[in-house]
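Number of protein chains: 2
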Amino acid sequence: MKRIFTTIVLLTAVTSGLSAQQALGWGESIVSPEINPDRTVTFRLRAPKAVTVAVVGDFQDGPGIMKEEAGVWSYTTEKLEPELYLYSFIVNGSRQLDPANVYMSRDVATWTNYFIVSGEEGDRGSLYLDNKVPHGDVARVWYDSPTLGLSRKMTIYTPAGYSAVSNKARYPVLYLLHGAGGDEEAWVTLGRAAEILDNLIAAGKAEPMIVVMPNGNTNTSAAPGAWSAGMYQPSFGRDPRFPEAKATMDESFPDIVRYVESRYRVRKGAESRAICGLSMGGGHTFMTSKRYPGMFGYIGLFSAAITVGNWQDRSKSTLEKMNEDTEFQQQMAAMFAAGPRLYWIGIGETDFLKPQNDDLRSWLDSKGFPYEYLESSGGHVWRNWRIYLTVFSRKLFK
Amino acid sequence: MKRIFTTIVLLTAVTSGLSAQQALGWGESIVSPEINPDRTVTFRLRAPKAVTVAVVGDFQDGPGIMKEEAGVWSYTTEKLEPELYLYSFIVNGSRQLDPANVYMSRDVATWTNYFIVSGEEGDRGSLYLDNKVPHGDVARVWYDSPTLGLSRKMTIYTPAGYSAVSNKARYPVLYLLHGAGGDEEAWVTLGRAAEILDNLIAAGKAEPMIVVMPNGNTNTSAAPGAWSAGMYQPSFGRDPRFPEAKATMDESFPDIVRYVESRYRVRKGAESRAICGLSMGGGHTFMTSKRYPGMFGYIGLFSAAITVGNWQDRSKSTLEKMNEDTEFQQQMAAMFAAGPRLYWIGIGETDFLKPQNDDLRSWLDSKGFPYEYLESSGGHVWRNWRIYLTVFSRKLFK
Numbered sequence: 001m002k003r004i005f006t007t008i009v010l011l012t013a014v015t016s017g018l019s020a021q022q023a024l025g026w027g028e029s030i031v032s033p034e035i036n037p038d039r040t041v042t043f044r045l046r047a048p049k050a051v052t053v054a055v056v057g058d059f060q061d062g063p064g065i066m067k068e069e070a071g072v073w074s075y076t077t078e079k080l081e082p083e084l085y086l087y088s089f090i091v092n093g094s095r096q097l098d099p100a101n102v103y104m105s106r107d108v109a110t111w112t113n114y115f116i117v118s119g120e121e122g123d124r125g126s127l128y129l130d131n132k133v134p135h136g137d138v139a140r141v142w143y144d145s146p147t148l149g150l151s152r153k154m155t156i157y158t159p160a161g162y163s164a165v166s167n168k169a170r171y172p173v174l175y176l177l178h179g180a181g182g183d184e185e186a187w188v189t190l191g192r193a194a195e196i197l198d199n200l201i202a203a204g205k206a207e208p209m210i211v212v213m214p215n216g217n218t219n220t221s222a223a224p225g226a227w228s229a230g231m232y233q234p235s236f237g238r239d240p241r242f243p244e245a246k247a248t249m250d251e252s253f254p255d256i257v258r259y260v261e262s263r264y265r266v267r268k269g270a271e272s273r274a275i276c277g278l279s280m281g282g283g284h285t286f287m288t289s290k291r292y293p294g295m296f297g298y299i300g301l302f303s304a305a306i307t308v309g310n311w312q313d314r315s316k317s318t319l320e321k322m323n324e325d326t327e328f329q330q331q332m333a334a335m336f337a338a339g340p341r342l343y344w345i346g347i348g349e350t351d352f353l354k355p356q357n358d359d360l361r362s363w364l365d366s367k368g369f370p371y372e373y374l375e376s377s378g379g380h381v382w383r384n385w386r387i388y389l390t391v392f393s394r395k396l397f398k
Numbered sequence: 001m002k003r004i005f006t007t008i009v010l011l012t013a014v015t016s017g018l019s020a021q022q023a024l025g026w027g028e029s030i031v032s033p034e035i036n037p038d039r040t041v042t043f044r045l046r047a048p049k050a051v052t053v054a055v056v057g058d059f060q061d062g063p064g065i066m067k068e069e070a071g072v073w074s075y076t077t078e079k080l081e082p083e084l085y086l087y088s089f090i091v092n093g094s095r096q097l098d099p100a101n102v103y104m105s106r107d108v109a110t111w112t113n114y115f116i117v118s119g120e121e122g123d124r125g126s127l128y129l130d131n132k133v134p135h136g137d138v139a140r141v142w143y144d145s146p147t148l149g150l151s152r153k154m155t156i157y158t159p160a161g162y163s164a165v166s167n168k169a170r171y172p173v174l175y176l177l178h179g180a181g182g183d184e185e186a187w188v189t190l191g192r193a194a195e196i197l198d199n200l201i202a203a204g205k206a207e208p209m210i211v212v213m214p215n216g217n218t219n220t221s222a223a224p225g226a227w228s229a230g231m232y233q234p235s236f237g238r239d240p241r242f243p244e245a246k247a248t249m250d251e252s253f254p255d256i257v258r259y260v261e262s263r264y265r266v267r268k269g270a271e272s273r274a275i276c277g278l279s280m281g282g283g284h285t286f287m288t289s290k291r292y293p294g295m296f297g298y299i300g301l302f303s304a305a306i307t308v309g310n311w312q313d314r315s316k317s318t319l320e321k322m323n324e325d326t327e328f329q330q331q332m333a334a335m336f337a338a339g340p341r342l343y344w345i346g347i348g349e350t351d352f353l354k355p356q357n358d359d360l361r362s363w364l365d366s367k368g369f370p371y372e373y374l375e376s377s378g379g380h381v382w383r384n385w386r387i388y389l390t391v392f393s394r395k396l397f398k
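Residue numbers (the working numbering), protein chains in the order written: chain P, 1 to 398; chain L, 1 to 398.
Keep in mind the hints are simulated off the structure, nothing from the lab. Ideal Cβ placement from N, Cα and C applies to all residues, glycine included. Honestly, I wouldn't trust all of these hints.
Keeping only pairs whose Cα atoms sit at most 25 Å apart, straight-line, the calculated SDA-like set for lysine to any residue is [claimed, not checked]:
no.	chain 1	residue 1	chain 2	residue 2
1	P	K132	L	K395
2	P	K168	L	R263
3	P	K49	L	E69
4	L	K395	L	R383
5	P	K132	L	T40
6	L	K49	P	K132
7	L	K49	P	G62
Just a sample of chain L residues kept apart from chain P, beta carbon distances all over 10 Å, derived [said to hold, decoys possible]:
no.	residue
8	V31
9	A100
10	D137
11	I201
12	T326
13	F369
14	R394
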C-alpha cells in the first residue's frame, strides 16, 4: 500500500508542479558530505555563479578552499577520527548551509550542518549514531516551578524497556544540564544524549537510567518557539522582553526533582541521583550540589563556569575567593560530609574556564576532598561534553 | 546566577575566538523576516557580492525580487492573512536559507524557513503559536510492531493535565497520519498539531485528547537519523537499502492501538477513537477504517490518496472501480453499518487528488452513506492540512 501511494504521489507531483506549490523539496542530486571508505570526507556544493567557496568546520583548523568543476564545488578532507563534526559553507564571503545535507543542529540562534564519522562498532562516532539497539523514549514535558513562578519545559529520556507493561522496576536519575544560550533541546541534539545512553546501556557499559534535561535559563520557560514569548531570536544575552527571574536555577532545582520523583518510577536517595552539566550547567551543578548536601550521590562538572563570591571582583583569583568565603567552605564541607560517591571534573586543556577549574582542584586538594579529574584536548566545545557524558555516565549507579 | 554565567561566557567567548572554534553562531545583526504592524512582512539578506536575490514562498505566487542597499537585500510583501508561511531565498539562482531566522521546518529532505502571521487572539495564525495556555507533553516513543517485524517510533501528544499526579481520568485518542515522504515528525513540525490542540483545548473548542502520530512508511522504523539505517537522505521513493515491508500500514494498525491502549489512560471503544491523515495518510485512514469496521468512531480524509482495486489500471475511473469491487463495497458497508459518528472528507479545489475524492463522494451518495465535506481553496499543501485538523478535531468526542 505504502509503495503504491508513494508512486502515485511521486508521479502526479512531478507532473503537476506540486513541488513549487508546496516547497516539498526533492533534495539535491549531488551527495554532500560523502564519507569515504578511508574516512576522508568530500563536500560538494552546486553554485555555478559563485566566485569563492570554502568549507569551514571543526574537523580542521583553517577553511577548506573548494574547487569548481561544471558548476559544482568540492573539497576532500584528510582522514578524520570517529566523531561528530559541524560545518558550513562560505560562499562569496557569506555563511551558507549545505542544501544536500538534511542533518542540522541548532546552537543558540545558528543552524549548522553535521555528519558523523564512525569506523567500527564501539568507536566514539558510533556512540552518537542510532544503532541496532533497543531505544529509549524522549519526552518533552511541562512542569510547574513554584520557585520561579513559571510553567517550564524539560526533556526526559526513559531507557528502553521502561514503559513495558510488565515492568515495575524503579530507575536512578541523571540530571543533565546545558550551557548558557542552550535550552532543553541542547543535550538531545548537539549532545546526542539519547544515542549515547541507548548505546552504552545496550552494551552493558552504563546502568539503565532516566535522564532529565531541564531548561537552565530561569527567566525563560522553554526553547525558542516553544513558549508564549513569541518567535524570538535566541541569544546569549537576556532578552529584555523576558521577566527578571524570581530565583536562581539552584534555588529552583527541588521543583524539578519533585516533578520527576512524583511522575516516574524512580529510586530515591543520593545513591540514585546524579547531576552534571556543561559550562553554565556545570556552574548550576556546582551551586546545586553544595546548596543541597546529600541530594546527589554523583556530581559532574563539565567545563564548568565556577563562581565563588562576587564574580565581578577580578582583583582576586577564584582560589583566593574560595579561601576567604566561609559560606562556600561550609557548603562544600557539608556536601562532602554527606559522602557523595563521585565528584568528577572534566575540562579541555585549552578551555577558557580552565583557571577556575584548576583553582577548584587546588582548593579540594588542600582540604583533602576526593574527586576524579579528566583533562581532555581541545577547548570549550560540544565534542568534549559528549565525551565527558560517555565517561561520566559509565561511572553512575554501579 | 544565570545572568552572571551568561555575562561571563559572553564576554570571555567574544574575546577568545570561541565562536570560530565552536560554530556557536551569534546570529545575524539584521532582522528577517520582520512582521510589520500592518501584517506586511519584510525579508532581509546580507549578501554584498550577490548579483540577483529573490524570496520565494507560499505567501505569493511569483518570486519577490529583492533590492540591494549597502550590501543588504530586502523585499516587503503585501498585507498577509494570518497563517504560517514557508519561504527561501534564491541567491544568484541557488536556493538558500535565511541565516537571520532560526525557525525552520523539514519537509522530506528539504529545510525551509517559516514565520507565522497572527493578527489577533483566535485567528488562524494564533492557533499555530505557543500561547499563554496550558501545554500538553510530546513524547517520541518506540513500540513493537509484530505485524511489520520492526521496532518503530511514533510521536504521542498527551493534553495538559494528563500527567498530573492526582489525575486518574481516561482520554479519547486521535490517530493522526502523515503523507508520503513524511514521518512521525511531520505533524508536530509542519502540522503544528501540538499548538493546535493546546489552543483549541484551552479555548474549550476541542475535547482533551491524546494524539498519536505514527510513522506511515512501513519499511522504515523512524525519521531519518533516528534509526539504525544510518544517516540516509530521505526521499519519496523507496530506498533500496530498506527492507521490503512485511505488511501494509492498515494491516499493522492494531499494533499501534494495542501499544497506546496498554500504556496510556485511554477510553476504549469506537466512540473514543478517531483516525485521520493527509495524502498517503488519508489513504491509510481510508484503508484502515474499512478494514476494521467499528474500530473508529470518527474518520477524516485530508486530501486523501484513495485507491480501489488495481491502481495501475488507468482505463477505469476510481468510481468505476468502486462500482465493480465487491470487497471494497462489503468493507464500506460493514464500516457504515457499525455506525461511525463522522466520516469527514476535506480537499482543496485545485488538489491533484480531487478527482478520486469526487468519485468517493459520488459513490457514498449513491449508497446513501453519510459524510461531511469541506472543500477549501488551494491544493495539496500543509496550509490545508493544518486547517482540516483545526476543523476536524473540534468535531471529535463530543
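Query - Hints that the structure is at odds with (numbers, increasing) - result: Violated hints: 1, 5, 6, 8, 9 and 10; rest satisfied.
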